[in-house]
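K.L.:
One letter stands for each residue in the lines below.
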Amino acid sequence: MVTTWRDGEIDHLQLPEADVEILPGVRWGKFDEFFTPAFWVSRSWIDGENSPHLDYSIGRSLREEIAACLLGGHGMPAEVGVAAFHRMRDRGLLNGTSPLNEIENALTEPMIIGKRQVRYRYPHTKSRFLAAAMQKLNAEPAPIHSPLELRSWLLTFSGIGPKTASWITRNTMHSDDVAILDIHIIRAGLLMGLFSPKHSIQRDYFDMETQLVAFARAAGVSLSRFDSIIWCYMRQMNQMVTNALATVA
Amino acid sequence: MSGSGGGSGRIGVGGAGSAVEGGSSPDDCGSLVVETTLNSPVSAVVASLKKGEKLLVEIHIGAGGVNSLVAKNAAGQTAGSLTPPSLIKILKCIENGFQYVAVVLNDAAGGVVRVRIQGQ
Numbered sequence: 001m002v003t004t005w006r007d008g009e010i011d012h013l014q015l016p017e018a019d020v021e022i023l024p025g026v027r028w029g030k031f032d033e034f035f036t037p038a039f040w041v042s043r044s045w046i047d048g049e050n051s052p053h054l055d056y057s058i059g060r061s062l063r064e065e066i067a068a069c070l071l072g073g074h075g076m077p078a079e080v081g082v083a084a085f086h087r088m089r090d091r092g093l094l095n096g097t098s099p100l101n102e103i104e105n106a107l108t109e110p111m112i113i114g115k116r117q118v119r120y121r122y123p124h125t126k127s128r129f130l131a132a133a134m135q136k137l138n139a140e141p142a143p144i145h146s147p148l149e150l151r152s153w154l155l156t157f158s159g160i161g162p163k164t165a166s167w168i169t170r171n172t173m174h175s176d177d178v179a180i181l182d183i184h185i186i187r188a189g190l191l192m193g194l195f196s197p198k199h200s201i202q203r204d205y206f207d208m209e210t211q212l213v214a215f216a217r218a219a220g221v222s223l224s225r226f227d228s229i230i231w232c233y234m235r236q237m238n239q240m241v242t243n244a245l246a247t248v249a
Numbered sequence: 001m002s003g004s005g006g007g008s009g010r011i012g013v014g015g016a017g018s019a020v021e022g023g024s025s026p027d028d029c030g031s032l033v034v035e036t037t038l039n040s041p042v043s044a045v046v047a048s049l050k051k052g053e054k055l056l057v058e059i060h061i062g063a064g065g066v067n068s069l070v071a072k073n074a075a076g077q078t079a080g081s082l083t084p085p086s087l088i089k090i091l092k093c094i095e096n097g098f099q100y101v102a103v104v105l106n107d108a109a110g111g112v113v114r115v116r117i118q119g120q
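Quick note, the sequences are listed as chains A and B, same order. Counted from 1, the first sequence has number 53 at position 53 by the working numbering; the numbering is strictly sequential. Counted from 1, the second sequence has number 68 at position 68 by the working numbering; the numbering is strictly sequential.
Just so you know, the hints here were simulated from the structure itself, not pulled from any lab data. Be aware that a few hints might be false.
Derived list of chain B stretches under chain A, where covered just means 3 residues or more per stretch with a C-beta under 8 Å from a C-beta of chain A [said to hold, decoys possible]:
| hint | stretch |
| --- | --- |
| 1 | 32–42 |
| 2 | 62–74 |
| 3 | 87–93 |
Note that beta-carbon positions come from the ideal geometry of N, C-alpha and C, so glycine has one too.
Isolated chain A (complex conformation):
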């Protein structure tokens, strides 16, 4: 049983025994051993509803979220993508009518992050993706009645693959039906035994997503919330994650 001290009293969470399977072939593990399924479920419970880990939306609308997510990823530090998005928004370049060269120039100009001057990677390619996406939003109604339909629609955008489409969908609709399979979530899935080293994200994205959705349902947690907590921990426990991954066959 997990206990924690919350609001001046002891709170309890009963989890299944460590050797019980949460899904076929995936055991709960011990909640106090890092990176087990039980660890993640207990972290979600301990950190509670007010956790800063749950504040994941970047933009204030679908349009802004598409721009923010499209400008992130591809191995660049998260802060650079967010800075690029803020610049586009602050300069009014997300209306779908701004000239392409203005968008590209804005992405090419150096950005100040902290005390460092950094350059945005791929300004040429990303400015084209962004301009096309903003134009498409002006031309087509977004299917915002269904998370899976929204994601399918986003997959028709140039430069948006399953991960980015799922990221936008989660951030705007808080959906538990999609998984954002980035490096941190994939590593967490490997350490839990949910994914296999033989999985290929290009080939198996939706199979891996199905597994993660099933896992969250079996654990009784919201995937959107769960994903966000796992991501924050995995990102910051980098050295321990690397050491633990070395033991995964």
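Fit chain B to the known structure of chain A by using the hints.
P.N.:
Just chain B now, with coordinates in the frame of chain A:
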């Protein structure tokens, strides 16, 4: 795992530009005080704990490289595990050389042991 590289890039505004739980600078580490409970208590060790006793907080590396955060008595015996709300921050501070103790806050007889994690 093939094709899983490429980093992430996503971030929530709550944590944009910084570690979500804050940094692990000496000031951040030194000011951290958190009350929590002792989990997975080792009854033989817990039975002899006294209110006010200081337990050493350590990252335990077990079989297969599995890690946990534990509290040990002066004899080096593990009293139980720690799963505090500020787990990441504590881990990062310990990795950076900071040391914490868990001060026992109640008499343990039969119940849950409460501790306060603070700088040594």
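K.L.:
Hints first: check each against the structure and report whether it holds.
P.N.:
Comparing the hints with the structure gives:
1. Chain A is given as covering the stretch 32–42 of chain B, and this holds because 5 residues of the stretch bring a CB closer than 8 Å to a CB of that chain, at least three being needed.
2. For the stretch 62–74 of chain B, the assignment as covered by chain A holds, since 7 residues bring a beta-carbon within under 8 Å of that chain's beta-carbons and 3 suffice.
3. Coverage of a stretch by a chain is defined here by at least three residues with a beta carbon nearer than 8 Å to that chain's beta carbons; for the stretch 87–93 of chain B and chain A the count is 4, and the condition holds.
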